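Colleague: Using the sequences provided together with the hints, build the complete structure.
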Amino acid sequence: MNESILQTEQLKAFYVLDVYGTPKVVKAVNEVDLEIKENEVYGIAGESGCGKTTLLKALVGAIEPPLRLVGGRVLYHMVGDEVDIFSLDEEEKRRLRWEYVSYVPQGSMSVLNPVIKLKETYRDFIESHASKDMRADAFQIARNHIAELGLPLKILDAYPHQLSGGMRQRVTIALATLLHPRIIIADEPTTALDVVVQRGVVQLLKDIQRRLENTIVVVTHDMGVQANIADRIGIMYAGKIVEESTTERIFGNPHHPYTQYLINSLPRFGDKTTRKSVPGSPPSLVNLPSGCPFHPRCPYEMDICTEQVPSLVNRDLNHKVACWLAGEGEYGKAS
Amino acid sequence: MEKLLEVDHLTKVFSFGSMLSRIRITAADNVSFYIKPAEIFALAGESGCGKSTTARMILGFEERTSGTILYSGKKVARSEKVWFTQGIQAIFQDPFGTFNPLRTVDRYFFETVQNYMGHRSKDVAIKLIDHHLKAVGLTYEEVSSRYPSEFSGGQLQRISIARALLTNPILLIADEPVSMVDASLRMSIVNLFKTLKEELAVSVLYITHDLATAYYVSDRIAIMFRGDIVEMGPVEKVLMDPKHSYTKLLRESIPEADPKKRWSTRVTLAELEHEEYLRVGCKFAGRCPGAKEICTCEVPPNTYVDDVLVKCHRYSGRYP
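Here the protein sequences line up with chains A and B, keeping their order. Note that the numbering used here has the first sequence beginning at 170, numbered continuously upward. Note that the numbering used here has the second sequence beginning at 82, numbered continuously upward.
For lysine to aspartate or glutamate, the following EDC-like pairs were computed, each having C-alpha atoms within a straight-line distance of at most 16 Å:
| no. | chain 1 | residue 1 | chain 2 | residue 2 |
| --- | --- | --- | --- | --- |
| 1 | A | Lys441 | B | Asp300 |
| 2 | A | Lys262 | A | Glu251 |
| 3 | B | Lys342 | A | Asp400 |
| 4 | A | Lys206 | A | Asp400 |
| 5 | A | Lys441 | B | Glu317 |
| 6 | B | Lys342 | A | Glu417 |
| 7 | B | Lys341 | A | Glu417 |
| 8 | B | Lys84 | B | Asp300 |
| 9 | A | Lys375 | A | Glu317 |
| 10 | B | Lys203 | B | Glu192 |
| 11 | B | Lys341 | A | Asp400 |
| 12 | B | Lys318 | A | Asp440 |
Rather than coming from a laboratory, the hints here were simulated on the basis of the structure. Predicted model, so just to flag it, every value in this text is computed and none were measured.
Modeller: Put into structure tokens, the structure is as follows:
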């Protein structure tokens, strides 16, 4: 088994707001334990508003008010060293980002400066993040990198508006991987792209992962994309990871009722039988239901579900589930 | 065979730039199709293929360059709206953009009742509104005097469908109705279209880029590419046995939710979009694996192969 490279321990990050004098706490990331291994693609799936993006922000240490770190740690394992990102100062964090971990935010095609050519953007980036001797031949490095990834070289002389959305997305991913980071964190990299272009972006991410043998954490609500790219998947619901396993097991044998709904509701070719979506609507993160946050929508609701929060426990080898039904105890279903 | 809506050689040309360097883009190029009563017809393709432009021309939001629209046998003049919108209602992509955030949602319902049914007493109107909200799984109590921000995207989309149903339409034009709705709630909207078709005999023009839901819900489908309909026919035939190379590419590119069916082949993407619009001959020739000389100089004719219309030289009889 590979070494773990990024780990969270009981991570809690809440948005603390003040609405007309009454405090309001949005529990976006609530006691999340993750262990992401070297050289794997880890997918995080879940519906909008379940805290996926906030989790990523916490992973790269980008916590700014109103978001607050309430508890827990984010640990990076770098060459034998264990670093807690929240113990670093701003300068150390800046060095860690891009060189060791790079973050491709959602809608990243709009991060490019519209009034300068892309090669200037590349130079800006190399000058602020790379070592001195790299700066001298910034253009050459940019050119080599673009060619390596199989993108056309003429884009370096283009302005962002001249490229299509898909090309801009790929340019941004190329920019994020310029310094060969060990971890790439991508937030909805294929959302708002066409299917063919989406396939191109997934292909690019896979190519990069294969070449650099690094780790990719990819967040997307699209289960089809998850099935295609991820090695392991964590399903997030209302700020918590509710199920985590290998892609094959998540799709082949989902245990949590929410995951079952997510997978069974997907339309498939050659099968026109009626698909049911998850009943009800997602809970508000300000006012979470008592006990298991999924219980108001769950068809198997029991008394204990409304009282106690199930914890994420190992059910089988490498298959963790947070559900009272899946446990070994008195509530567990005989499997 | 009865046709509810027929679109014949609908064309829209957009021109950009100054008088000296004008670029003309044909967003919809001689688009022809028809919709039968109680049928879900999908218009699918990637962004920029002209599917939304076509819908906007039908709804009269966009002036057409040429072509005719026939609605239950009658020609629709360019300026006519009222009798037409009573039978044809639209549902848009972004449910949050459909409603004004500062107005309560029920005011839209009362307005629609007033505009289409004349003056009614409030009780009658509420009864009517409640009836249509029940069709989408909501009630008047849940909706009355609440603002759009109090609903989820899926709920709002169902509210906008209920609003459209108020005029007893026979055709709904739904432009990407599920692309902004959460994956977990997407099927509830799509299933609603099925129910409306089966119970109220409402036809739906379902515009989407998501072929998986298109396959699930629709009866017939047209695939658009750069302004042209390249393949059209019964959904089973078009999507399970695609004939045009573009349909094949689209079909292959849909990520299947099955880790055993990962993509094994590689894909080449178009470098610059407008180059494809301006291409002479078949617009897909630059990316088509089977492109021959004839494809780059002559526009392929529409050929019927086994009930399916295909716009490809391979079936025109002139393919070497």
